[in-house]
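Taken in sequence, the protein lines are chains E and H.
Note that this note's numbering has the first sequence beginning at 1, numbered continuously upward.
Note that this note's numbering has the second sequence beginning at 1001, numbered continuously upward.
Since the hints were derived computationally from the structure, they do not count as laboratory data.
Treat the hints loosely; a few may be bogus.
Derived DMTMM-like pairs: lysine to aspartate or glutamate, alpha-carbon spacing no greater than 25 Å straight-line [as the list claims (entries may be wrong)]: (1) 1435/H / 77/E; (2) 1735/H / 1610/H; (3) 1436/H / 136/E; (4) 133/E / 1447/H; (5) 65/E / 1708/H; (6) 106/E / 1562/H; (7) 1293/H / 143/E; (8) 1002/H / 77/E; (9) 133/E / 1708/H; (10) 1002/H / 1562/H; (11) 1738/H / 1757/H; (12) 1738/H / 1708/H; (13) 1738/H / 1696/H; (14) 106/E / 1637/H.
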Amino acid sequence: MMELSRRQFLKLSGATAATLAVVELGFDPKKAQAESNEFKIAHSEVTPTICPYCSVGCGILVHVKDGDVVYTEGDPDHPINRGTLCPKGNGIRQLYTSEKRVERPKYRAPGSTEWEEVDWDWALGRIAENVKKTRDESFVVEEDGMTVNHTEAIANLGGAALENEEVYMIQKLMRGLGLTYIEHQARI
Amino acid sequence: MKHTDCALIIGGNPAANHPISMRHLQKARDERGAKLLSVDPRYTHTSSKSDLYAQLRSGTDIAFMGGLINYAIENGLYHEEYVKHYTNASFLVTDDYAFDEGIFSGYDEGDRSYDNSQWVFQTDDEGNILKDESLSDPRCVFQLLKKHFSRYDIDTVISITGTSKEDFIEVAETFCGTADPNKTGTIMYAMGTTQHTKGSQNVRSYAIIQLLLGNVGRPGGGVNAMRGECNVQGSTDFALLFHLMPGYLSAPNASENHRNLEAYKAAETPSGGYWENTPNFLVSLLKAYYGDKATSENDFGYDYFPKGRRNYSHISLFEAMFDGEIKGMFTWGQNPVVGGPNSRKEKKAMENLDWFVSIDLWETETAAFWTEQSGADPTNIDTEVFMLPACGPYEKEGTVSNSGRWMQYRYQAIEPKNDARSDAWIVHNLANRIKKLYEGENNPVAEPIQALSWDFGQGDYPEIDLIAREINGYDLKTGRTVESFAVLKDDGSTSCGNWIYSGFYPDAGPGEEKNLSKRRDDEDTGMDNYLNWSYAWPLNRRVLYNRASADPQGNPWASDKEAIWWDASQSSWVGHDVPDFGADVDPNSEGGTDAFIMRGYGKASLYSADGMTDGPFPEHYEPYESPISDNPFSKVDLNPAVKIWDGKMNDRGSVSEYPIVATNYRLTEHWQSGSMTRNQEWVSELMPYMFIEMSEELAEEKGISERDKVVVESARGSIEAYAMVTKRFKPFKVKGKKVHQIGMPWHYGYQGIATGEIANVLTPHIGDANTMIPEYKAFLCDVRRANS
Ligand code: SF4
């Protein structure tokens, strides 16, 4: 099975990071590792971050040079991981370099078979109008003599990968609008 | 974890899913000879690193733990002094409480719910709880517990868990050995525990055994949830859940109890325990929400808060959407078409939306729910869909909270890629635009959103520092941030966005920066607490309820398990951690042994009088879809308090048609619904295909070979994937019958580089009685070779 041979390969080749560099660069592993260390990190700016995946909360250093993420590595000072990382944490450079990232806001009209690119101003304006329309049509101020001030016609899902400051803002806006359907990954 | 003598890992696979946590367990093994016990349906990566593996059929945790509880009591392997002083073992329960044939008193069959007023404690005329310190009264919690679990004898237990007797006894002996005050044991669990119709009671059963063994609040102890996402802790603390407000205050509902602020305070404020401060926390939260519009005249804007009238959890949400009740939806980095239970139904439900906004780094299966590639007919779907590119974690700044409640700062390393924006920017600009649309309107619908204060700077980007201050809270007179939640008031003079975080940004005037989550001093301040690295809520406490780490007199139970202790010369609690207790409360004074300060009466609950919807004690019931029809513990097969969803596209499978138990799990290489990882080349190459893992025995019975294409079918639908035949699954012997179990990852979908069919097509809409967390981890299916 694919999985087994790959794992053995990882074991044989030592550090996962080295192997990942091979996959990426596709030539002599040792040389590739040495060169990538030497060339990519030299004079880069280093910023500490926390792994975006599981909640162990490992520290990672992000090396940036010429507007690109050139290298990431475990934060050697971090008390939880002391420089080590698992394969997911090791690969976070590709969160930036991936070609698959959505580049610009996109819109799909009712019944349409495709996306069209739109600008932020138009997209946010249109979304805000939709929110207002749905909210105004569905809002209940009072029910059975009690003030309830809610709308059950809009739902908000997510997200457990966002930052505390962001989730604070999201829940504040959504509750402020009167939403009751507010959920995220913790439930599922 | 490094200080543990025994780790029982159940319903989780940290070696694969939380790999770095294993470093710390390995240290415990190397340095203290700690034992690792792995209890799981499958011989996992974690099992391979453990001292002992015990097999457990999916959905039988309570039977297994009930067996341990019984074993501990029968053999006197419990920490008696701890149990007497720190738990409610001595409390007397009224005669109304009863348990008969799987049903607790107070049950309403029509409603499938309990009236918990029959589960209360006996009190004297002044409302004080009556106790029997000798623990011998038949109505005391300890005796009721003993009686309840006496039914969980080893033979009955293993007849349904499928565990071998030898393995069960070895786990019981080893783990219950931590009842010795010199030792501690920890339980580590994850979604294998919670994703069941009795998931909450599974966790309760872990808590009960840990309390009996005296393992809570001590170094190397605890009941530890290994959380799956970097900030699932924080996003729960901040109440992205329908039933909560930030800091675990109950969300107001449309009942007389919550009619107005006064009623809410009366209903939600217990007498005793830290929740006595509920009014201070709530009014400060209202001030954070509504600023100047929150005044004593208008109940501080309490009425502006939405009041719900029912359960709005994930399954309910998609059921309502399926029925056409929901018109618009936002998803922030969430992908229910892959991750939601009964995902085909959830995807279908989305076709009823007028508009849908997906905020993500990638075009997920959910964002593409309307495309032909997804199997839909776009010309028949009238939903307006918006795909907003979010930026990655190091393209913005802010904090995330890990499983240990450490709030850690993530800095921005680089500008957002392409035209991406942070979620903070998106919500900020959306809020400003929506508020603008309501400007000048004068009607009761507009009023609540007009009243919402949105004060995060004048720039295009919101100022993270201002948000941090609002969360921490500040004094409205001086403008300085508060030092802790202890100074929050209910008179409108303080504002605080989330009281439990109060203190991470202490005593700072405007313009003065003091964000403790940025701290990076990696020196061990004792017992691996690293008190100067980042910040842990509440008040930088690293181990909750750490008063229990010391004996009733205030001395550590064991010299190498010190956390905090009473220093009589200073009349103060001192030690390696911040006391989770009144710092100057003498152990010999009143309340001096009330170690569980959040509980109304200061004691941990062996018996839960009011915390659970489905009984004061855990009881074994079978999963919604079970391979057996005769539960040996009672005549009741399914948790009697779960809600059954009998709508369309959610059929229940029976064992005659679907004889195989199935579960899903995660892989090291992928993450959640896979959108983050399946869009990256490296990890996609490491784990490129969807597969179905099965035992050699099952493969042989079905004529399946490794890498064959197989079809797995449940009552909800079917999927195709490659067979992976392993020794990690073994058939179970359940009540003398052979039962097979298979497993599969749930990471795959039709978008991205590594694609595969969606496992959750198979899972049902059914959830836990308390939390409505779906039962992903035990459902029935059948499997066959494709085209045969
Ligand atoms: S590096 Fe691995 S173990 Fe550490 S936080 Fe990230 S996903 Fe979890």
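* Hint by hint, work out which the structure violates, then give me just those numbers in ascending order. => Of the numbered hints, 1, 2, 5, 6, 9, 11, 14 do not hold.
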